[in-house]
Structure formats: C-alpha cells, structure tokens
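Participant: Which chain is which? The protein sequence lines are Y and D, in order.
In terms of my numbering, the first sequence has 384 at position 384, counting the first letter as 1, and numbering is strictly consecutive.
In terms of my numbering, the second sequence has 457 at position 457, counting the first letter as 1, and numbering is strictly consecutive.
Since the hints were made in silico from the structure, they are not lab data.
Don't be surprised by glycine CBs; every beta carbon is placed ideally from N, CA and C.
A couple of the hints might just be wrong.
[Unchecked claim] Here are the computed lysine-lysine pairs in the DSSO-like style, where the Cα-Cα straight-line distance is at most 30 Å: (1) D/205 <-> D/77; (2) D/621 <-> D/851; (3) Y/313 <-> Y/339; (4) D/87 <-> Y/82; (5) D/87 <-> D/99; (6) D/901 <-> Y/82; (7) D/364 <-> D/497; (8) D/673 <-> D/621; (9) D/906 <-> Y/82; (10) Y/82 <-> D/205; (11) Y/341 <-> Y/351; (12) D/689 <-> D/77.
[Claimed, not checked] Cβ pair distances, simulated, as ranges: (13) Y/467 <-> D/760: 27 to 33 Å; (14) D/828 <-> Y/293: 47 to 53 Å; (15) D/828 <-> Y/341: 48 to 54 Å; (16) Y/362 <-> D/602: 39 to 45 Å; (17) Y/363 <-> D/771: 24 to 30 Å.
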Amino acid sequence: MNTFKNFITLSVPMMLMLFVTSCVDKDFDEPPIDGTDPEITVTHTIDQIKNYYVLGTAKALPDSAVISGIVISDDLQGNIYKDMIISDSTGGILIRVDISPLSPLYGKGRRVFIKCAGLYISDYSGMIQIGIKDGNAVGRIPSVLAPDYIVRGMWNQPFPVRVISSINALNPNDRTNQNISVRFNNAHFTESCNTWADVATQQSGNRIMIDSSGATVTVRTSGFSTFAASFIPADTGTVEGILQVFNGTFQLILRDLDDLKDFSTPPCVSAQPVHSIQELQSIYNGTAINIANGSEIEGIVISDKNASNITSKNLVIQQGNYGVVVRFLTNNTFNLGDKIKIDISGQELIKFHGLLEVNNVDISLATLTGTGIVTPRIATLADINANGQTWESTLVTIAGVTISGGAAGTYDVGTALTDATGTLPIFTTTYATFAGNTFPVTPVTITGYIGDYDALQLNIRNTSDVQ
Amino acid sequence: MKKIYYKLFLVLTVLLAPAIAHAQNATIRGIITDDYNNPVGNAKVMLAGTAYETLTDPTGVYTFSEIPYGDYRVEVKESDYAAVSQKVTANQPTVDAGKITLLPEGRKTPLEEQLPTVSLEEGENTDPSGGGVSSALGASRDVFASAATFTFSVARYDVRGYGDENFITYMNGAPMINLNNGRSVYAWGGLNDVTRNQISAYGMKASNYSFGGIGGSFNVDSKASRQRKQTQVTYSNANRAYENRLMLTYGSGIMKGGWSVSASLSRRWAQEGYIPGTFYDGWSYYLGVEKEINTRHSISLTQFGVSTINGRSTSAIQEANDLVGDNYFNPLWGYQDGEKRNSAVNNIFTPLTVLEHDWQINNKSTLTTALSYQFGKEKRGGLNWYNAPNPRGDYYRRLPSFVPFALTDTASQFAVQSQEEETIRNNPDLLQINWNELYESNSNHLETNNGVTGYRASYILENRIEDNHNFGFNTVYNNSFNENYSLSAGISYLNQKTDYYKVLDDLLGADYYIDLNQFAEQSPVPGVDAAQNNLDNPDNIVTEGDEFGYNYTSDINQFQLWAQPEYKGKKVDAFLGVQATMTTFSRTGNYRNGVYSDISFGKSEEQSFSNPMLKGGATYKINGRNYIFANGTIGTRSPLFDDAFVAPTVNNQIVSELEDVEVSSVEGGYSYKAPRLRAQATFYTTAIKNMTHIYHYYNDDVNSFVNLAVSGINESHTGMELAAEATVYKGLNVSAVASVGNYIYTSRQKATTTRDNISTAESVNETIYSENFKAGQGPQAAYTLGGYYRGKKFWSAGININYFDQMYVRFNPIRRTVAAVEVLPDGEQRDIMLDQQQLDAQMTVDINASKSFKLPTTFKKPYRNTYLVINVGINNILNNQDFINGGSEQLRVDFDTKQVKKFAPKYSYAFGANYFISVILRMN
C-alpha cells in the first residue's frame, strides 16, 4: 500500500499549503477620481433652454437638448436644500434633485451636464426650474434616476460673479437675473446681533441688506441652516450669494458665512455666564447682546401687573440694589412681592429706549421660588437724577415731593414730581387702574421704581405708593 | 514525513511531559458514557474477578486507586443498559482505560462507530449576533434537543422562544457569558474536533456543574486528557457562510507521567459566501495541556482563539429584493475595482485561557475549580458619513415606493415609479453601494480645519469596537454521600470590563475626518458645543487608526452561590436548588459629549442587585420504561447592562424604574424509554416579567439617532414538545419531533424616547398597546419527520422533512402607540398599522449521508488505524428560496401619512439548497 502512503504524505503538505496560501482577497485599490469632462455635446445655453418655459405648465424639454453649467450652489450648510443651481455666461437655472446634500458630488465649482431628455421646465413663484414632471410643476429628480440626467465633469471651474452696485438697476422679471452668483460691495445689514433665522421654530428669516446705493435687498435664510443662529454683523463689508426671485422680488441666498467678506464679528454674546442682576448691567456694552449659556438671575417682583401700570408681558425684578426689566413672550402671572428665578441663558439683553431689558423670554424659563420684600432706597430727586442709570428698575421712596400736571388733576399721563432738589416725570399709562384717580395736591411721600424712556422717570405701581 | 511527526511529538513530549518515577501500584481511570456521549453517573464499575468496585462520578468518571500491576477487565453494570467489559493493563502509575460506551439493551454497535454525521453548526449562521446559544444543547443528542438545535436552526428556532440569557454555557468549568448582554460567548468556531465532549441539561433538569438557566445549560469539556489519541485532518467544502474548511487536530491521549497534550488548528474561508458580497476568513487555534499530578489532583490549561474576519449581510425590504430579483439581496456591498467590496466587515479575536483544577477529594467528592481570562476585540465595521447623502443604495428615498411621498400628481407618480422600476431592473447595482461616488465625494473638498489642510472626508469606514476583559472564577463541589443522596454546590465570581469606542478604519481617499455629531449641529436648540462628541477634544482631526465618536467602559461584577441537594431513589428522583446572585454594574464615560455635557463623563451611579432563585424537580419512575417528571424555577435576575442604559454611547442615564426581572417557569411531562422506542412529551409554561429593552435606530424625521427605552416588558412562553424515535427495522430509525408554543407579550409596555442630538426626551413613558402580540422571532410551531438508516458496511443515510409555522415579524413598539394611530378611523389603514404580520409557513427537506473506510495502516507508529470518513449533507434540497426566517418591522413610523408601506418590514431568507461535504482522515 505504498501508493496510499505516498498519497497521504503528499496530500497532507499540499493541503497545508492550500490552508496557508489561499487568500481571501479583501484589499481594494482606490478608484481613480474622475477629473475629466465627459464627451457630451452641449446643445443649448441656459438662457436658450429657458425658451421652452411656458407659464403655468410643466413643459417637456427636447430629447436632444443638453445644457452645461458650473454649480454655484452649496448646500453643506443647509441653507439650500435639494436645489442644484448652475450657471453659464447666459444666466443660471435651478435643477431640482432629490439628493441631500448635493455638495459632496455636485459641489460649488463643478461642471455638470444636464441631459434634458425626460426632464421638464416650469417655475415656482417666478423662478424657472428643471426637474421631473409633477403635474403642472416640476418635482425633484429622484436619486436613482439622477445618473441618467446629470453627468459630472471637472471640479474647481470658475463661474461668473456679477458685481451689483444697486439692486434697483436689475429687473427681477428678467430671467437672466435669477439664479446667478452675485456680489455686493460696501453692503450692511439693518439688524445686527439678530440671528439670520429663528432657530427655535426653524422658520426662515428675511433680513434686510442695504447695498452700496442704499437700496434694500432681502436676505432669506432657512431655519435649518447651520448658521441660522449666527449673529448678523454690524459693520460694512462684501456680501456674496445667489440671487433668486420670489413673486417679483429679489432674494439673496447665502451659501455659508464665507459669503460674508470683510465683516467683523460683533460681540453679541457675553463672555461669561451671568448670575446676578448687577452682572447683567455690567455686561451690557451699548449694543444688544446675548447672554451666555448657564446664566440665571433671581429677584423679587417690584412691579404690579394687577394695577396695569405695566404690560403683563413685562415685570421688574430687583435683587439687592439692582433691578432689571424682563419682557416675556407672553403674559406673566407673577405678582408684586413674588420671588422668581429666571433662566436667562441665550436670552437677549437690550436697552429699550434707554432701559435695560431681558427681552423675549419664554415664560417657562421663570419659576416662582417664594416671596420677599424689597425695602426702597430713600432718596431725593437730585440723587435719582444723578444715579438713575445704576438705580434703574429699583425701588425708591422720596419724601416731601409735590405731584403736578396730569389730565385734570388725575394720574393719567404727564404728571411730574418736584422737590427742593429737582424734578422727575412720573409714568402712568392710560390703562392703569388708577389713571383716572386724582392725585393729592399736598406734598407726599412717594414710592416707585425708576424707569427710563429716553429719560429717567418714576413708575408708581398703584395708589398705595402715594402716601 | 513520519520522522517529522515523530520529532514533533518528541519535542512536545520532552517539553511538556517529564516522566515521573515508576511506582508499584497503578491508578486506573476511565469514563462511562451512553451512546449519545452523555456521561453516565452513579454507574457501578468493577474489576472483574476482584473485590475492586466503585461508582462513577456525575461526569461519568471512575477511578480505581492502588491497583497492583497486572491485566484486568473493567466491567460495568447499569440498569437499562447491556453489560459491557473492557480489558485494561496496569503497567504504569496512571492508566487511562478510555471510554466505555453503554448501549441500551438490545443494541449492538455503539453509535459512535457510525462516525460523525453532518452537523449544521456554525456555517449556517451568517449573522454573528444571531446564532442562539441553545444550539449548544444539541450536544445532548436528545432527539428533541437535537432537532431543536440542528434541524430547526434554518428557521432561527429558539428553544421555547427564549432569549439567549436563559441558557448558561461553560468551557472546562468556566462560565462563558458576556455580562453586558447575558449572551453566551462562543469562542470556539472551527475547533469542532476538540469541543465535541459536551454535557448538557435541557430545560430545568438538574445538572451537577451549574444551577442552570430556565432553558438549559451546557458544558464543553476540551481538556487535553479528554481528547482522543489521534491525528486527524479534515477538509470540508460547502456553499454556506464559508466555502472551505481545513482542520488539523492532534491528541496525545494520556501519556506517561500523566501528561496529555492536544492541539488543533483550523481555517475556514470563502471569497464569497452564499449571500452575495459576503466573505469569510477565520483562523482558529487550540492548545490543551493537562497534567495528572497524582490520583487526586490534575490540572489542565487550555488556550484557544478564533480570529474571524467576515463581510456581513443584512435584511432588506421585499421591494428591493423584487427589484434585484434575489431574495438574498445584500445592500452592504458594492463594486470597487470590478470586485465586490463589503462595507460591513466584522473582525473578531477574543482568545480564551482556562486553567482548571480537578480535585478528587475522596471516593465520593470532587472539587472542580476553573480560572478563566478572555480578552480581545470585537470590531464591527460600517460606513459613517458627515454631511453627505446616505450611501445605502436601497435607502428608502431611492426606491419606487417613495415616489408617492415625493410627488403630488398621481399620473406623474405612476410614470416616475415605473421609470425607476425599469431603471433599477436594468441595473440592479443601483441598489448597492457606489464606492466610486464615495471616493469621488471624499477627494474634492479641500478644507482647513483645526490647523490641518486637506481633503475632508464625507464618508468613512469605521470600526465600532468592544474591547473585552473578562475574568472568571468558578468552583463546583460534588459529593455523592451514598447511593441515594448527593450534593452539588458552587461559588463563582465574574468581572467584565468592556471598552466601547470607535476607530476610523478607512478614509476612502480623504485626508482626515472631523469628530463631530452632525445631528446636533442641525438640532433645533443650538448650543455652542452641542456638536462635539468630545468637548475635551473639540473639532478633533481624525485619521486612520484614531479613536473618535464615543468612548465608554462597562464594569460588571457578578458573584454567585448555589447549592443543590439531590435524591435518587428506587421510585423517585428529586432535587432542590437554590442560587443567590449579586450583581453590580456601572458605566464610565470617557468622553464629555456636547449634547449631554453634564451626564456623559465619569462614572454613573452604580447599579446593584441581589437576586435569589429557587429550583426543584422530581421524576417518578413508574417502571423501568415509564417516567413522569416535573421541574420548576422561580426567582429574579438582575437587568442586563445593555438594557439598563438608555443611550450608553452618549450618557450615564439609566432606564427609569430599572427593576429585577422576575422569572417563573414549570415544565412537566412523560417519557418512555424502551430499546426500540423512546418518546417524550413535555409541557412548559414560563413567565418573564419586568424586562427592559433599548432600541437604537436612525430617524431622519428628527435627523438623529434615537434611543427607544422600553420597560415593563412581560412575556409568557407556553408550549408542548413532543419527540419519538423508533427502530422500525434493523438499522432503520425513524423519528418525529414537534414543538408547538405560544410566546406573547402580556403587558402594556412603556416607552421613553430620547435623541442623541438634543437632551430633552421626545416622549416619556408612552403606553405601548402590546398585550398579546407575539414575542421574539422564529417559528412558534416546528415539526420534523426523520428517517435514518445505518448500513452494515459503515455507511449511513438520513432524511428530515421539516415544517415551520406560526412565524411572526418582530414587533415594533412604536406602531402600537396612540400617536401612531390617532385620527385613523377604524378600517384597513388602522389595521395595517396595528397588525403583526404572520409569515408564510414553510417546508424544507434535508438529507445527509456518510461513509467511512478503514484504510491500511499508514504509519505503524504511533497509530494502529487509519480511517477515511466522508460526510455529505444537503439542506433545503428542494431549494425553497421563499423562506423568510427573519422579519422585523422597521422602527421608523411615518406619523404624518401613517402608512406602513413607507417603512416596510425587512426580511431575511433561509438559504436555498446548500451542501456541506467533509472528508476526514483520522489516524488513531
């Protein structure tokens, strides 16, 4: 049986070799990056393809038509969604594609070719666009069908940028003026330290840009864009973007914040979290500022919404020797003497006609923690006039003052205080419950909190403030 | 060649087996098993013609000490079995008498001589997380257990519908459990030759090595002394998860000086498995050394490791299968360089070392102690992307079914749908991964970030890593006081630390990736730092090999005590077991996550649980053939780490009201054992209460990963198991097995949903109207009819006809909430949302055949015999390719349109006809 023995002695090492050498191939070469343009003949310019557009219908494009353009859109920051905007020397057009984001493959500066066979042209609020037929409109080209219509070419292609000195010089109804890349030099915005859109509700924001001629352009930003919560700069610079139209008006779309050039970032957020009203006063530097995360204030309510000499959206709280106005988004239910704690993280700190105010606070951020009493500061009118900026929104008591003015001897509008040291207006709204009451003509001791409406004033809460 | 072998053996022997001085008396040891390889405990063993007499221990081992040198005959007498005897020569201090197999009265040839038949084993399971622990129970060779684990595995049958945590596995006495998820750890794939010695206890039967789970327990004995003295080479060819398998195994048997050595090496591989785009490359090694120090002590050291690299497959929706024209459509691969590249590659290597000490305290008692250490990484690869489209070709928005949700005009919808269908049918690769586009996306975005300029990756391949460090100590004491009473008791301590983190594996042509949580970037409440995965390393520039994403550690301790007295009488056997378990666990976050900056870093609150468990059972022996038995368990167990943390990748938050899981179960039945007929009927009912489960999934409505923590899950598992096996003619056996159960949820569960991109919970304690929905997956009814013929000249052939019914798609809790159906009037749409889909019943047929040849002796030394064994098995020979063996509802629900079809269930299919051929060359 030597044969068998030989078979064994041969086959075992052979199997061993098989064992070791048979490899499971799982290493892959990296494919070459396609950096060349395909050999496709372009038959129409972008402006020529717009000739097929008919208002109110989705019009089929000719089977033989091919257009080409450079992508000028960039959706990586989420301000453009499933829109690919391409332009050539004759203008730009929007291609609707159901891919998000488009930029990794169809990024800004890439040449693309659109094979129009099977595609349709229509408009949305005056903006001409290409896509698949969806009734009388065009829908997004589905992701699996995209390779049949869109052919990718070379990257890093230059594209025309129109420099616009006055938007008024452009006709929004001229189709060559839409979906083009534009630049405004020496432009500025009207709402510095506002955000580009409302992130909380994810609503789009329309902000006003003033171009170098003083004409206004709407800058529209999606609430989903990553820079929606960024602050609008305060100074002047260069603004780029994509010019679109919506029902006959121009809209400027920023691709990302790199479209803003030569602007400085405004200091819109406090450097440190704030834990007292005193700190609140110190972080205000003359322009609206957002309060840093982790901030919280606590104080005692010194205003009285029940007497209605203050809107129910507002209240005044005092902590120690400092006070501030808090303006809520909705009416509040806190009473005079309530001790409350408010999470003011990310809230806006503004001066409203000279009075410091935490603005637009959601009511849910305030919680009742107890009650308390604030002892008013005893002062003369001269003291108040001298220290009003630091004393604002705190309680004061002035003895021996005379009230004068008003409508027929009532508190309603236009009363003032006089003592030996000076004078100070009293603020009373027509809606105050005591507005129609007559005030004492003899000297009184009066208590109230210091307000400011472009000038210092005393706000009384109700008639028991006048003794 | 012969000389090389000899030298190898010599070297091994010299290194590992220094001879020990001769003595005048010998110790004779051996093992008694039945023809299913189960040890026979308490069997009376005698040296014929002498006064020497002993009983086997519960593992079937007997020992005669201080036997004068000479020739003897070992005789075994055990009721129900034919008497057997075997010659043994005492001519050295330790004599291994080997194994004696007891045959039921009336049967002649040991089953083992039939030589191995085809086992379905690990090749069948393509999903590494799939394969149930219960498959181990097949080792018992009990007709029912064997069917439940091998024959039914094609349908992903779970024994009694139980999850894996209800079965306990041991390797050489060391508990093999992953404490994170309660699952058994199988670290011996490819080492089939050395892990054949297994003992198991099905259901709640008493075992002497463990208190056991309610589903059963099982111990693999891979100690060197238990390996046959042989050298074996096996080559197998299959068309399953792997195509080739080569195994080399050597066993020295017990050598002079009490040493035993065994070793095994195997490789399993496939360029492409049964499912397209899958590949397999597995290496396994094993080395066992055992030294019998004296008659009372022996020590064994076992070391083995399995390295597996394989490309995964995943389930898909039927629409995609139909478009591609293949129910085995696997979306995880795509062509690169003209070859299929899989995007989801597993790479697992967790070697295990077990040191076991066996101490024969006296003739009646033993103490078995095992120390184990297992470490290593389980890497699960996958694509990740930043600010780029989902790379899955079968992403739902790419399929024709999405068109009605994208377009408003009905006529246009039809037109575009059929255009998409035609396009995909003409080019099915559209539903695969387009690697070229991924590389293209990665190679054109030059950016400067954090001081680094280069191409920033849109797509990467990442490895999600579990780096385990498991230490185990387990000691078991057995005492057979007398013929009637015995005691088993044990103490164990387990510690497991697992580091969970991600490593960037392949930049796909880009230069770097930035570690950001893109979902938090777009979240509605902006925070300056929310997008940082690690606030302490912001905007981290990641390149290949770098850690990123998340990083946390689980630390689990489990201390366990148990004791189990047992009584064996003439008419009644009974046992009672008690177990106390103390478990503590915690999570330690190593990254400070931007969304959860306050609760992500550092150690979580430590969770601590004390859980008692009581077990008992009795068998009434009506006579030698008829038995009635009943067993029961009641108690609690601690919740699992994986079910305790709501979102472990990002924070330390614990599921609210994390409670002990309450378990109660009874089983009872009747069995009949006669030489030509064995039958058993078992009824069981089990309640498992207060379970929690965490689902993680991506929800693009909220643009984030979502964690769905479901608590208050109660389940009921009730059913019957029937098995009968008869010898109908010489060599011809037939068997019939049926399992019919009803596994349902019995409570209204509570769900809390949180997101990885915003710290406020989406919903808290939402009620799930889950009562009476079917729990688990796999058939709740399974049947097989088998025939098996053993010929006279060492051949055999078998056939099984299998039928599976009562299969249900895995339940998505969110579809059974008020939010999912509110405003839907009674009617079809509401019913579709609420109903749980029942899958079609299925039939398969499996055949197998085996033939072995005794060959002329090849090498006279050291082996006397050479065998060649050929096994062939064909499963699902009728090529049923419509067999859905895994279905699950997608977790996403479209609350706007309330249409299920937008997120249709995903199915996986059982393999069509598949074969396995094995050629074994064995020298012993």
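Participant: If any of the earlier hints don't hold here, list their numbers in rising order.
Facilitator: Of the numbered hints given earlier, those the structure breaks are 2, 4, 7, 10, 12, 13, 16 and 17, listed in rising order.
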